Amino acid sequence: MKWRKADLQTYFQSKEYIDSIVVPLVPFGIANDEESEKAAIQAEMITLLSHELEKELTGRMLLAPHYSYLKSIDKQTEVARLNRWSAEMKEQPFKHIFHLTFDPSWKKHEQELESTLLWIPAVQTGELNSKEMHKTVREQVAQMVELIRAYW
Amino acid sequence: MSDEKQQVSRRQFLNYTLTGVGGFMAAGLLISPIRMAIDPVLKESSAGDMANVGLSVDDITAEPQRIDWTIDQVDGWYESEVNRAAWVYRNENDEIVAFSPVCKHLGCVVSWEGSDQHPNEYFCPCHDGRYYKDGTNVPGTPPLAPLDEYEQEVRDGMLFLGEPKPRGEA
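Residue numbers (the working numbering), protein chains in the order written: chain D, 1 to 152; chain P, 1 to 170.
For the record, the hints were derived by calculation from the structure and aren't laboratory data. Being a predicted model, the structure only gives us computed values, none of them experimental. Some hints here could point you the wrong way.
[What the hints assert, rightly or not] Straight-line C-alpha distance at most 27 Å; calculated DSSO-like pairs for lysine-lysine:
no., chain 1, residue 1, chain 2, residue 2
1, P, Lys165, D, Lys2
2, D, Lys55, D, Lys5
3, D, Lys55, D, Lys15
4, P, Lys165, D, Lys90
5, D, Lys131, D, Lys107
6, D, Lys38, D, Lys90
7, D, Lys38, D, Lys15
8, D, Lys5, P, Lys165
9, P, Lys133, D, Lys55
10, D, Lys5, D, Lys75
11, D, Lys107, D, Lys90
12, D, Lys108, D, Lys15
[Unchecked claim] Here are some of the chain P residues that sit facing chain D, going by a computed Cβ distance under 7 Å:
no., residue
13, Tyr16
14, His105
15, Leu106
16, Trp112
17, Pro125
18, Val138
19, Pro139
Each residue gets a CB set at the ideal place from its N, CA and C atoms; glycine is no exception.
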């Protein structure tokens, strides 16, 4: 399910089946040209990945809108904010909360999170729309499905 | 005699020229409305809605295989490429069958032998929904209907697939 009206209506009717929510974590920062470019590519990538993942597991997960944060801000603040998100989601009840990110700095704070962090190493090989990229993404999604199934 | 035959009078010459030019102009004016009037006919004669999925009929075996292809979808004024997938195999009667991989429960993607515990069945990773090889849902698992089947056609030894249809209508 995606974060849109039609999907939510299905969600309300079958809440008991949809027990997972995936929140992509997307860093933002425009101070440094090179850094922002990297962040933008990663944002594109994670959109693609999360949509493909959603396609595979539509019936059991809700894909939340991107959680964006400033790259420069202290992670401790973000952890607290993110945990407030998780608390609200748990009330739904969502049994499994997954955070999807390319940003390795979350890894250090994994213990403090009240959710499951899925950190994926970012692969940047050529064009986003190329045939090889499609293949890589499909491969990666298949593995992510396996990983998520391990938590279910 | 011969002089007279080759003679073209000014009046005749003008007549010919005007008819010729007039004819061209009329044709130019008429061509677009005519094209419009018969447009639906022209459309139907083209490839239709079937898409070549890039699979030769000879490569289809009794073992279901997953194929992926893209179609152009126009949704309002937004045109996009949509990924499609199917599980294709040959059944006991040597007929080609193409199933949509979308689970009839809540729409996850099923895969052939997706679980080690359930060989020879389609398996849905979300809620352990299962389907037999012929697409029928296994009783007692969440899905309540068999997998959708694609409209299909074989042209020049290649498989063409159309829209997925609920079973019984296909």
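Status of the hints after comparison with the structure:
no., hint, in the structure
1, Lys165(P) with Lys2(D), "24 Å, holds"
2, Lys55(D) with Lys5(D), "17 Å, holds"
3, Lys55(D) with Lys15(D), "18 Å, holds"
4, Lys165(P) with Lys90(D), "38 Å, violated"
5, Lys131(D) with Lys107(D), "31 Å, violated"
6, Lys38(D) with Lys90(D), "32 Å, violated"
7, Lys38(D) with Lys15(D), "37 Å, violated"
8, Lys5(D) with Lys165(P), "25 Å, holds"
9, Lys133(P) with Lys55(D), "23 Å, holds"
10, Lys5(D) with Lys75(D), "32 Å, violated"
11, Lys107(D) with Lys90(D), "22 Å, holds"
12, Lys108(D) with Lys15(D), "33 Å, violated"
13, Tyr16, "59 Å, violated"
14, His105, "6 Å, holds"
15, Leu106, "3 Å, holds"
16, Trp112, "14 Å, violated"
17, Pro125, "6 Å, holds"
18, Val138, "16 Å, violated"
19, Pro139, "18 Å, violated"
Of the hints listed earlier, those the structure fails to meet are numbers 4, 5, 6, 7, 10, 12, 13, 16, 18, 19, in rising order.
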